[in-house]
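Novice: Model the placement of chain B with the ligands on the given structure of chain A, informed by the hints.
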Amino acid sequence: MNAQIESWEKMALERVPQYLAGHGLPWVTRARQSAFERFVAHGFPTRREEEWKYTDVAAIAKRTSLAPDNIPPDPASEAALFAWTLAQESTHLLVFVNGHLSTELSALGELPTGARLESLADLMDSNADLPQALFDQQHEHTVFAALNTALTTDGTVLRLAPGVVLEKPVYLLFVASGHGTAIYPRNIFVLGEGAHATVIEHYFGMLEAHNFTDAVTQISLAAGAGLQHCKLLQEGKDAFHVAGIHAEQAAGSRFASHSFALGGRLARNDITSRLNGAECQCSFDGLYLLDGRQHADHHTRIDHLAPSCTSREHYRGILDGESHGVFSGKVVVHPLAAKTDAHQSNRNLLLSRQAEIDTKPQLEIFADDVKCTHGATVGQLDDDSLFYLRSRGIDAESARSLLIYGFANDIIGRVEAPEMRARIEHLVLDRLPQGDQIKELL
Amino acid sequence: MLSVKNLHVAVEGKEILRGIDLDVRPGEVHAIMGPNGSGKSTLAQLLAGREGYQVTAGSVRYLDMDMLAMPPEERARAGVFLAFQYPVEIPGVSNALFLKTALNSIRKQRGLPELDAMDFLTLVRDKMKLLGMDEKLLQRAVNEGFSGGEKKRNEILQMAVLEPSLAMLDETDSGLDIDALKLVADGVNRMRNAERAIVLVTHYQRLLEFIVPDVVHVLSQGRIVKSGGAELAVELEQYGYGWLENEVQVS
Ligand SMILES: Nc1ncnc2c1ncn2[C@@H]1O[C@H](COP(=O)(O)OP(=O)(O)OP(=O)(O)O)[C@@H](O)[C@H]1O
Ligand SMILES: [Mg+2]
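Quick note, the sequences are listed as chains A and B, same order. Numbering-wise, the first sequence is residues 1 to 442 according to the numbering used here. Numbering-wise, the second sequence is residues 1 to 251 according to the numbering used here.
Isolated chain A (complex conformation) (with noise of 0.2 Å):
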């Protein structure tokens, strides 16, 4: 145990609680304090540890501070934050400076009847009909999760009502425009039967500041509920960020999780999904479009428990500088899920000699009349390719850049919502040498 965390605990277990949600509620204070200790008698993960090997977090202990900030947020920058989110009219926009909620710069908008959209400290502090359930993890996957719960600044809670259908998305942006700050997102989906929603998270760093974000996302879907999920991570160029999100789903769901981490210089998305009934469908998708020395490092498993259940993987990653990606996906096949349909594929384009990708396709199956392939490629650009664009005028690094951006187009193709999917696609043509061009031309 490191001396920065033990001095650090007894900051954290005496003093932090204080400003921390909900610390009127003993069952709070109760779940925090077992969640801490929980944190603190494993530490920090090594990569002694099989599932931190390629992802080396001590620098987040050295650099920054643990404890959550509390800062409030800064109206002044309302103007440099809408231009971050999607137009607000199209949204149900939640802004959250620092881990804490800010309405000012929020716009809830209309919700149809059934549909509640919450934070989580206010159900918190005012001991409103907050299930405990919805607090406790069924699956802590990662020690950051602990941590997590021991010190959850705020969140969203979104619940449905059975056949409740949000039209608009739900944009959660949260922003980092601190200095070492810290910063523990908790969010709460919970889908009744057929209902349906869309939801972004997107994490903004505004400056270049070693902030440290550790969030947790958890999603329950009833029987024949659908969610598509976007998780945007554009973090400062120092940040840390590490999350979790994890989906329940039951019979008959739909659950599509797309990931995109473009900034940051360390980022860790553990993303999981259980599927518990039949014929639930499940996609994860994902782009790493690293540069210089970041890292960035997706875990995700998915668990068909029950039969007849789809699920489809899609990560890409692109990499450039002596940047380095970490793919690690793992399908189980349990013994109960017959029929089950599972395809994973991870793609990797690596763009110089410096940069490294350690990618880990993992199939386990313990059931029988199953279809399941995956596969993993790392490669470079291709000469041929390269050469039929520029035999038609185009530049080589024009060219290089279409393709480039053709690679992560067909992950950010398959996010359905228009304008995000829009606005990915900018970001990541952003990166590009020949971007703009390519913009103009679109």
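No wet-lab data here; the hints were simulated from the structure. Hints should not be assumed to be uniformly reliable.
As the list claims (entries may be wrong) - Calculated Cβ distances over 10 Å to all of chain B for the following chain A residues:
#1 Tyr-54
#2 Asp-125
#3 Asp-383
#4 Asp-384
#5 Phe-387
#6 Arg-392
#7 Asp-395
Claimed, not checked - Listed next, the stretches of chain B that the computed footprint assigns to chain A, with coverage defined by at least 3 CB atoms under 8 Å from CB atoms of chain A:
#8 28-40
#9 55-63
As the list claims (entries may be wrong) - Here are a few chain A residues that sit away from chain B, every Cβ distance over 10 Å (derived from the structure):
#10 Gln-33
#11 Glu-49
#12 His-141
Ideal placement from N, C-alpha and C gives every residue a C-beta, glycine not left out.
Specialist: Same frame as chain A, now just chain B with the ligands:
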């Protein structure tokens, strides 16, 4: 316009073109025929600027420029076009974006303003209609999942849009049904004019019935072993290449 002199080309140490001489003047249509593996595509790709070939002797001049010193995009901007024997698939890039990017870079070179979205669409739609192409192909990724015939027509569409001065077509007729062949041949014939030269690489006399060439060359084992008028293609159709190869050995 194009002047190839004593061109020797090797790939990975193996000599593939062994002394090619070829002169193409504006307004002319040349056909290059010859057995599989004789070097036709190598010649066409080299002229379009493909890397990975060693030119061991000879020269290529195009519009009085040393063509071999130019990167492929500069050749294209100077009016060189190759319809590929095997068009390349570009996943994730729509045909429309590809064509617009290409057209605008060529227009820029020619000092013309970039086309706006509307004018571009009008232009491309017209050309597609003439080639009997489904407009939906514009929104699909370049050549991805295109049928063999659609790929070939897509090459001709690019040629029609980019309006090159020297168009080389490498077996664009292969894999086309007879109706598509006529549409493609019409497309090529529409482009024929006094300033433009066309080089057709083909195995079939049938294409040359629709696009009558001024000169026919036979390439065999890296050399042009015979050149003649349109009637040479008819003889080849009847007798094959065997008699020519014998002729070369005798001479
Ligand atoms: N990159 C390469 N590496 C090795 N050999 C090559 C390469 N490119 C071409 N060749 C060889 O050069 C020869 C000529 O090939 P080319 O494709 O030019 O023939 P072609 O006349 O176009 O044939 P076809 O009528 O079948 O299209 C062949 O023997 C081919 O295998
Ligand atoms: Mg050939």
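Novice: Hints broken by the structure, by number, lowest first?
Specialist: 3, 4, 5, 6, 7, 8 and 9
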